[in-house]
Amino acid sequence: MDFTYSPKDLAFRDELRGWLAANLPQGWGETVFLPEDEDENAMFRLDWERKLYKGGWNGIAWPKDYGGRGATLVEQAIFAEEMARAKAPEGLNIIGRNLVATTLLHHGSDAQKARFLPKIISGEEVWCQGFSEPNAGSDLAAVRCQAVRDGDHFVVNGQKIWTSFAQYSQWCILLARTDPSAPKHKGISFLLVDMKTPGITIRPLRQISGECEFNETFFDDVRVPVENLVGELNGGWRIAMTTLAYERGPEDALGRQLVFRQELDQLLATAAKLQRGNRSAIEDGLLRQKLAKSLVGIEIMRLNCLRAFSKSLKGAPRGAEASMNKLYWSHVMQDMFDTAMEVLGPLAPLTAGDAHAVDGGRFQLGFLRSKAFTIYSGSSEIQRNIIAERVLGLPK
Amino acid sequence: MDFDFNQEQYMFQDTVRDLLASALTMEHLRSGTPAELWGQLAETGVFALLTREEDGGLGLGYTDLALIFEEFGRALVPAPIAAAIVAGGAIARFGTPEQRAQLLPGHGEGALRLSSAFAETVATVPAAMTLTARPTDAGWTVTGSKILVPDAAAADKLLVALRFGDDLGLALVEPSRAGVTLREQDTLDLTARYHEVIFDHVTLTAGDIVGGRPDPAAVVACFDAAAAVAALQMTGMAARTLDEAVTYVGQRKQFDRVIGSFQAIKHRCADMAVAVDACRSAAYYAAWALDEAAPDERARAVSMAKSWCGDNARFTCNQAIQLHGGIGFTWELGLHLFLRRIKCEEASFGDADWHRERVIGATLRSMELAG
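In order, the protein sequence lines correspond to chains A and B.
Be aware that the first sequence starts at 0, since it is given in numbering that gives the first Met the number 0, and climbs by one per residue.
Be aware that the second sequence starts at 0, since it is given in numbering that gives the first Met the number 0, and climbs by one per residue.
No lab work stands behind these hints: they were computed from the structure.
Note that the structure is a prediction, hence the values are computed from the model and not measured.
Even glycine gets a Cβ: it sits at the ideal position worked out from N, Cα and C.
Hints may contain errors.
[As the list claims (entries may be wrong)] Restraint ranges, calculated between C-beta atoms of paired labels, are given here:
hint	chain 1	residue 1	chain 2	residue 2	range
1	A	R389	B	G360	39 to 45 Å
2	A	G344	B	D17	44 to 50 Å
3	B	D17	A	H105	38 to 44 Å
4	B	D295	A	Q169	48 to 54 Å
5	A	R16	B	Q6	54 to 60 Å
6	B	G164	A	L72	22 to 28 Å
7	A	G344	B	R256	45 to 51 Å
8	B	G164	A	D13	25 to 31 Å
9	B	S175	A	L72	54 to 60 Å
10	A	D264	B	A216	52 to 58 Å
11	A	G209	B	D17	58 to 64 Å
12	B	D295	A	N134	51 to 57 Å
13	B	D242	A	S311	21 to 27 Å
So that you can see chain A by itself, here it is in the shape it has in the complex (with noise of 0.2 Å):
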């Protein structure tokens, strides 16, 4: 066992270190924050995503050929967390960068590999994800948005959901209906659909928290030319499960990690200041509890995701590990926003714009948001499914 990084690695770390100093705005993280109006949040993103670009730090991991730098996993891991502990904010092209690209790098024609993969580690495409729809959710084969061939194009009808980004988006990868009569993992196809195409309506769908990320979309007489199928026809079920085996790694999950621990830290000293009858909240000996409970569950979030890590190192193959790392983290952290209302008390109702209200009311924003960790990527009884039947064997 080893916990420290080479001297290689630590050189790229101070490299990526020296960069984010540099163009970060000053005083970013203290004084200077994130946009709060949704769109110029997004625009500041995208602005941030360019920029990472021109700095040679955006889609490290790609192959050099397309403008990677073919970094290591370890590089990877570095990267992600360095990005959080400068507290740099996430480019906005994620489904891009992650999703399509992966995709294309593993089914795509070289026309399409040229055509797009430049242009989203620049920052110049943004995409979005129309797999989703109102009745395939957990049950994605569903699908029923359908293409029908007319010439040399497929024409699109149908309805998608929780489509992030979609109105910042240029382009959309869509899983579509091609073949009716097929069992249904075996009828559909995947599509690059361009978002300019007449027939395609986007329509924001608030999210509890009040924010709109994600969408609907309606495809109406979407005209698609056929040389934006990927892959084979009707092979699209077996593309889109690689697309989400590969969407996120336990390098990124390190990441994410210290996100929440930035979290965590900051509910600590919140803690610590907050009046509580005559002593600070953190000197209640139940709350403390359960923030001890969190520090215990965030730190080993960590620790599974570096033995996550060290294995992919060693090339074993990624699997259903991903899904126990969800589940795991993911109700951590749910736990943790709960334990936040609490040390909050009587100010737990008070939201960003009150005088009272406590830290801008990010506790309250984040409270509301982790709604959603058991939900997306594979909601929790999909995970524990998967854990059940392929780590553990039992029967379907």
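Once you've looked at the hints, dock chain B against the given chain A.
For chain B alone, coordinates are given in the frame of chain A:
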């Protein structure tokens, strides 16, 4: 960056697992530890592993023992064996050359038995311990008691944590010494004997004190090692009860279906698997910290592991009993042996609440926050 064990460590685990699979069956656990077990385990090197090479040992660390203690938990190896290894480790690290030469060769061969005496009726952690050695002309005299000492009656030497004035220290005392009496205790754990060790004006000399003088840091280091070992063993117990449950629900049929195909059952099993996996992360890191980390980080790592593994071994074992239905509640099945042992380990060397308080106290101090 490598949070994984090496090939030798995994091979050592396989060796010990194979040995325990035949040497320690459920029948043995019910009827008492087979006498040969100490010798068989000694042949694998587990008792000599922490002893320095210059003292005839293997000069390895707790990281090398982590998977072994997990196997101990899996096979429910009775508590006196882990207690002996921890006591030997403290002597190896903090003992005088004479103490090391006198005790460690026999300990390594499994011929000389050590046990450790930490718990009191009012304390499981060093700061709360009350047993005190009072100075006399010849050295010190001790009156009081320690409880739950694993098989003190079979031990040649007991490693006893106690106070010398204001300082905590570790002393080595034979159960046969004048003034020492043993009383066998009724306990939840049916796989081993435990004794109350009663001291009535027992004389200690400087030669009895580990390292020659009281050393509070040695007491805390030994306590941390024992707590981490408890966490590792509970990890193994949790893993075993998960395996037992998965095997059972994969065979048991009700409503014409294997019950493991029901989501209500699967989801419990998945939660258990996640709990066991996190136990491993916490306990392995604690083992590494015993060898490599500074005392503050060691304490934090150990306390995270002891609190997490205690809560989650209990959770996993409870679920395993539930998933077995009526059979799970029978004496015959034997899952209760795990339930009983886990409860004893949970209560030993600081319970989960105490360790969580230690984690948050240290965290707040490191952040320079009040409280």
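| request: If any of the earlier hints don't hold here, list their numbers in rising order. | output: Those not satisfied are hints 2, 5, 6, 8, 10.
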